[in-house]
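Heads up: the sequence lines are chains A and B, in that order.
Sequential numbering from 26 applies to the first sequence in this note's numbering.
Sequential numbering from 26 applies to the second sequence in this note's numbering.
Think of the hints as simulated: they come from the structure by calculation, not from any bench.
Treat the hints loosely; a few may be bogus.
Pairs count within a copy or across copies, as identical chains cannot be separated in the list.
Stated by the list, open to error - Derived lysine to any residue pairs resembling SDA-like cross-links, with alpha carbons at most 25 Å apart: (1) K189 with K440; (2) K285 with V222; (3) K440 with F429; (4) K189 with Q352; (5) K285 with G233; (6) K285 with T70; (7) K201 with R190; (8) K285 with G363; (9) K201 with P488; (10) K106 with G296; (11) K201 with V487; (12) K440 with D144; (13) K285 with G224; (14) K285 with G295.
Number of protein chains: 2
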Amino acid sequence: MSTSVVTVGAGMFADAVAGQAVDVERVDWRPPMPGTQDDLAAVATDRRRPEANRRAVEAMLGVTAHLVDVAPASEVLGLEKGQFLHAGPPIEWERTSGPLRGALMGGAALEGLVEDPEDAVALFESGSSVSLEPCHHRSAVGPMAGVVTPSMWMWVLEDRATGKRTYCSLNEGLGKVLRYGAYGPDVLTRLRWMGDVLGPLLQAAVRGTEEATDVTGILTQMLQMGDEAHNRNRAGTLMLLRDLSPAMVGSIEGGGFASKDVADVLRFVGGNDHFFLNLAMPACKLALDAGRDVPGSTMVVAMARNGTDFGIQVSGTGDQWFTGPAQVAEGLFLGDYGPDDANPDIGDSAITETAGIGGFAMATAPAIVRLVGGSVPDALATTRRMHEITLAENPRWSVPVLEFQGTPTGIDVSKVCRTGILPQINTGMAGAVAGVGQVGAGLVTPPAEIFPQALAALAQAVPGRSL
Amino acid sequence: MSTSVVTVGAGMFADAVAGQAVDVERVDWRPPMPGTQDDLAAVATDRRRPEANRRAVEAMLGVTAHLVDVAPASEVLGLEKGQFLHAGPPIEWERTSGPLRGALMGGAALEGLVEDPEDAVALFESGSSVSLEPCHHRSAVGPMAGVVTPSMWMWVLEDRATGKRTYCSLNEGLGKVLRYGAYGPDVLTRLRWMGDVLGPLLQAAVRGTEEATDVTGILTQMLQMGDEAHNRNRAGTLMLLRDLSPAMVGSIEGGGFASKDVADVLRFVGGNDHFFLNLAMPACKLALDAGRDVPGSTMVVAMARNGTDFGIQVSGTGDQWFTGPAQVAEGLFLGDYGPDDANPDIGDSAITETAGIGGFAMATAPAIVRLVGGSVPDALATTRRMHEITLAENPRWSVPVLEFQGTPTGIDVSKVCRTGILPQINTGMAGAVAGVGQVGAGLVTPPAEIFPQALAALAQAVPGRSL
């Protein structure tokens, strides 16, 4: 039987049918983003572009992230007392949103800069002896507020081919946690336990595991197990436990750890489906960092939000951030919370979408609609749609239900501007008020204007461009 | 947008589109199985039937299987030296196939009845001091050859509402293992380690875990994580490890177990994606046993194969087996093996399909086509097709990609005979020669004739039927 379907403007049905391997002839057309025609034309004539994008994609897809260590940020990032890392593009205290403020206040108390987190407000307002810096500027990423302080233990991932490393803090679980802006006594007690017990034991386990865990490979398996690795990390968390638990047990005799602490750590990790997110994120960053700084490449290498601004970085434009106002996600809320309680989009976790998973891979994780909202056909259609704004399919990260098609990988600024299709991100939602914690989860996009901004900068950089 | 599609005889496409929530009008028709018209008419007039099937389904769906113990078969099944349980319907030594023979020979050596497994042939031929009995006759199930001997440790599952229990041996892993008919020194060494270390440690863990593991609930999660719980049990195995590992670690101080043994057990279980199968099977049997013995019910309560015969039992016909020749699966082969090396279908594991998972839930586990063959659209279409021969959808076991539709549950003998659609089973393939082990995995159906047999018996039992 040969079946052919022609669709006009019925994207969802076309996507659904295409997902079932029926030939579909697409005849829908979308106008480019307003005001981008000249820059699109300029970038289209950049003769470096095809090869530059090929190189950026190849470098990104060539990275395998191995888990090589766990250690305090003071050691591996050289972070000193008073230095705070945060998610998203650079921001000053005055412009920070509630959840980032709350996390900074809790972080200051954790480091002993203040006794009471409330006292940290004056400290940050004064600006003396404290400084804020994006995680991304230190080869790190942080979910939600993404606050990292010197005493926090970090996952260390390495690309063995180049020796390059990326870093991420350990995941605290859900609800009232620092990364969602909560800073109560429970939050600080948990963070201290993570520093005293969880970090050292994970370090012993990672150092005691004969073959380093292949995080990129676990991501391959996760995509066959209903995880999209942003808001579903269930299978990933379980595979990490599987890989590390024998060495954890070994550390009882070998490292003098208490068996009660080992059991507590197994329970803590096993009880937190999101634990692996903090490994998925630096694995994605490690891959994307390899695609940075290729002159002429229009590939996005970072998307990140600080709760106020949404920023992107692009391979062909170096470390420059293109920013616009972070949007509020649409989705499902916990308990009595509603849209008015939600802070705008926050966190470095959109690095997963930048690498082609998370919102880009929702077709492989349809159960996620119960968390972030939307329908199953939407989830399938979203992955299909993201192929229209990306440069490649990732052969190692495939979606079984789409007949093992690789995930849409490498967002192309030109394609976004030409189609008006924005990258789809799924995300947790923090309460707008410092101290509240998580209020829901949902779907969000970057502010549209940052892509024309980036395109303009790419157009400016085209050699021999007539002005 | 409202889309409507009319299909004639294009089942796969219709299933695929229906899977995407597009309205489909089915106009295809299949003839009933030859010679079943009179019995179908008789059963259709049985006024007990609707209520009987409702009761059988309700009883089955009402069962929650908790993991309550691990103990030797001698203790929990009262199995004595010389007594052997096996998969499938009853069979005598003379008619056994290679893999069942191999497993019985290995089992005899494990129990010390013979020194050399080869010497067991004479023992079974003589028939003195040995006896064979189906697992199903002792509330147990066994994958592949399904041989259980007194010293083997068994999972013990309980339906707390009724106190009923079911049992299954521990999974050995893949390749050269007893259940696939291998009986070499490695096989016996592993079985002895399972008896000396794995069983006792799992017992300590299960008894030391505060809240008994809800196996039915883990199956719910598995179906959202790409497992169909027959030939994919990856997520299930990992969730079991998560649930039991803290108590395993606790047994080091509390129970005097060596930390090296705990680490070995974590590695053994973590290295065997199929480990959870031996919990999925007795959970399915526990549910189906609750649906047994309802007069007038046409629901299948067991499908099982001994490597020679394929047998089913039906709720309305008590313990009677309806049998026909087991078929050879079609699928993918390991290494240089081919179809000529494969034994006919064997094992009690088709209890998963009987309960509505395994082959019936392949839509939720499309990655399985890489193991058992077929295509992703086939996998989606198969689950859809099984709804045509089943009585209910299981609300606890849903398929996200089919918009959370419950799995097709409760095979109806009448519907099978009326449509000619046979239950779809996916399965491992054992080598036909005793001692070989696994040769592949594939797809298989029961022999068609056993359903008209069962239908005839149901028709005979209709009260007031004119002969």
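A quick look at each hint next to the structure:
no.: 1; hint: K189 with K440; verdict: neither (30 Å within a copy, 61 Å between copies)
no.: 2; hint: K285 with V222; verdict: both (11 Å within a copy, 22 Å between copies)
no.: 3; hint: K440 with F429; verdict: within (24 Å within a copy, 34 Å between copies)
no.: 4; hint: K189 with Q352; verdict: neither (33 Å within a copy, 55 Å between copies)
no.: 5; hint: K285 with G233; verdict: both (19 Å within a copy, 14 Å between copies)
no.: 6; hint: K285 with T70; verdict: neither (64 Å within a copy, 64 Å between copies)
no.: 7; hint: K201 with R190; verdict: neither (30 Å within a copy, 41 Å between copies)
no.: 8; hint: K285 with G363; verdict: neither (40 Å within a copy, 51 Å between copies)
no.: 9; hint: K201 with P488; verdict: neither (51 Å within a copy, 64 Å between copies)
no.: 10; hint: K106 with G296; verdict: neither (32 Å within a copy, 43 Å between copies)
no.: 11; hint: K201 with V487; verdict: neither (48 Å within a copy, 62 Å between copies)
no.: 12; hint: K440 with D144; verdict: neither (47 Å within a copy, 72 Å between copies)
no.: 13; hint: K285 with G224; verdict: both (15 Å within a copy, 23 Å between copies)
no.: 14; hint: K285 with G295; verdict: both (15 Å within a copy, 21 Å between copies)
Hints 1, 4, 6, 7, 8, 9, 10, 11 and 12 from the earlier list are contradicted by this structure; the remaining hints agree with it.
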